[in-house]
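Sequences listed follow chains B and E, in order. For the first sequence, our numbering gives the first residue as 1, with consecutive numbering after it. For the second sequence, our numbering gives the first residue as 1, with consecutive numbering after it.
Derived from the structure by calculation, the hints contain no laboratory data. Careful: at least some of the hints might be erroneous.
[To be verified] Okay, derived cross-link-like pairs now, DMTMM-like style, lysine to aspartate or glutamate, Cα gap no bigger than 25 Å in a straight line:
1. E:K54 x B:E149
2. E:K85 x B:D103
3. B:K203 x E:E23
4. E:K120 x B:E149
[Stated by the list, open to error] Chain B regions said to be covered by chain E (calculated; three or more residues, Cβ under 8 Å):
5. 5 to 17
6. 39 to 47
7. 55 to 66
8. 84 to 98
9. 143 to 157
The beta-carbon is built from N, C-alpha and C at its ideal position, and this holds for glycine as well.
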Amino acid sequence: MTDPLAPLRALQGALCARDAASALRTDLRGFLSRQGLEGADLEAMVEAGPTRLLAYRTMVQGRLRRTIKAYIPRVAHLLGNRYAQEFCTYMEVRAPRTHYLRDVPAEFVAWARERWATMPDLPAYLGDLARYEILRDEVANAPGGGEPETGQALALDRPLRIDGSAQLQKFAYAVHEVAGTPIDQTPEPPARATTLLVYRNRKTHRVHFVDLTPRAGALMRRLLAGEPVQVALAGAASDTGGQLNDEFLAAMVHFLTDLSERGVVLGAEP
Amino acid sequence: MQQKNVPTGIGLGLRSRLMKAIERGEADGEIAFLEISPENHMHRGGSSPARFLKLADRFPIITHSLAMSLGGTGPFDAGYMGEMKRFLDRFGGAWHSDHLCFCGADGRALHDLLPIPFTKVCAQRVADRIREVQDRLGRPMLIENISYYQALGHSEMDEATFVAEVLERADCGLLLDVNNVYVNAKNHDFDPYAWLKTIPLHRVRQLHVAGHERWDETMLIDTHGAEVLPEVQDMMSWVIERIGPTPVLLERDRHIPPLAEMLREVRALDAVYQAAVARHAANRAQA
Ligand SMILES: [Fe+2]
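Construct the complete structure from the given sequences, taking the supplied hints into account.
This is the structure in structure tokens:
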């Protein structure tokens, strides 16, 4: 008995395989056989011909390619024709997994960032820039955020509650500095280690980016991981080769006060 | 086939292009319901769910998802189904619907409505999966007939027989998209009314009507990107005359005009719908 799911996999192959656009035209039977189709299913699809399969491929790939491009316009522009090739490879080796169309670009970027890092002919900052480009929408739509304030003042022995939309992103390049330039004139971002805190304002829902100093970044990473304030402070000082002295404490208290005013820090966890 | 707590008449899909005007109250009293895709609102924070919450207070909501992959391979995604159940428990109505299709195999999600083979084995498989979804969501499901551009693999039966087979095996309702029937009839050269006479009309709980566009000289595609053709309105009438008051969604996903223009289309469609409802009532009185 033939596999009842083989036709589904064969169609998926026609939609995703890199070589399908030409293989469907030149060797439909061979292509569908390689996808596992046999018997009456194979004969029916060979008889139907490649036209509608190609139409499906154009529709499915076009929609996903346009969706991703809309989220990473700078990177797509920098890649030029290569964007379509990268997308094609993505469809073959990975393809979207999420049920939410709006999360497809982030899946693509997660895949591409690793790959582009190994490609010396691409700008070294490309992966960082792609990650930065999708951040605003990712945080705007993040499921968390808007949690109630705890009503408890900062206590050294307890963790802080932090708004669920907040996340830290580390980059090797100051990619945020190229935001605002015309898409087709994106300058090369400075090669400078950068940590951005990104969060969504609780009332306006606007997304904000805060460029953190290394020690504020280290502290924030530990607080987001749920460390009590004192542990996080000591850890941040040692992470950045500094001392837990008055100057350090004053700077960090100032930083946390600012985050409270922004509605990112919501008080000590009870 | 009227049910309690079910809006009847012409409704619109909630699209971001129409949202501001709807929020301003411009659709108040003009539409019977809003149809929404839970995927656009669930598993999401920020302004979008906040805005939806306000609209859900003002309009009856009908839920219709896109990504369940009822005909797919492999188990349903537990996270997605859990989010869906929470969403429907809060906003859902008498049923939830998705499409009689697959959206990807082996974990892939291709975000399109892809055909499944018209075979007995496939009908049983998808019916089992629909029953599973009904259990997991704790509410009845409707399945929507899709536009298909090619039958997948060897067909043991025609599409209408397949749809009827799935409905009976799953014991579920039908979200009848008459534009999809029309598009398929043109693309595959069959009589759309023969199709309508093959399916169990008593299982129809909701209708979709829409416009479509041309892909090439041999094929129409279901883009929901144009006004509804008179032939498609006639099919809606034919069905409503036989089943009575039902929620009917006017779908528009591309080339969305301003709300005022959409509402003119709603009113024109409503006139056709009301005439069909009146004929239904008259037929019943005679019987
Ligand atoms: Fe539809």
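Hints, verified against the model:
no.	hint	result
1	E:K54 x B:E149	holds (23 Å)
2	E:K85 x B:D103	holds (20 Å)
3	B:K203 x E:E23	holds (18 Å)
4	E:K120 x B:E149	violated (57 Å)
5	5 to 17	holds (count 10)
6	39 to 47	holds (count 6)
7	55 to 66	holds (count 6)
8	84 to 98	holds (count 4)
9	143 to 157	holds (count 4)
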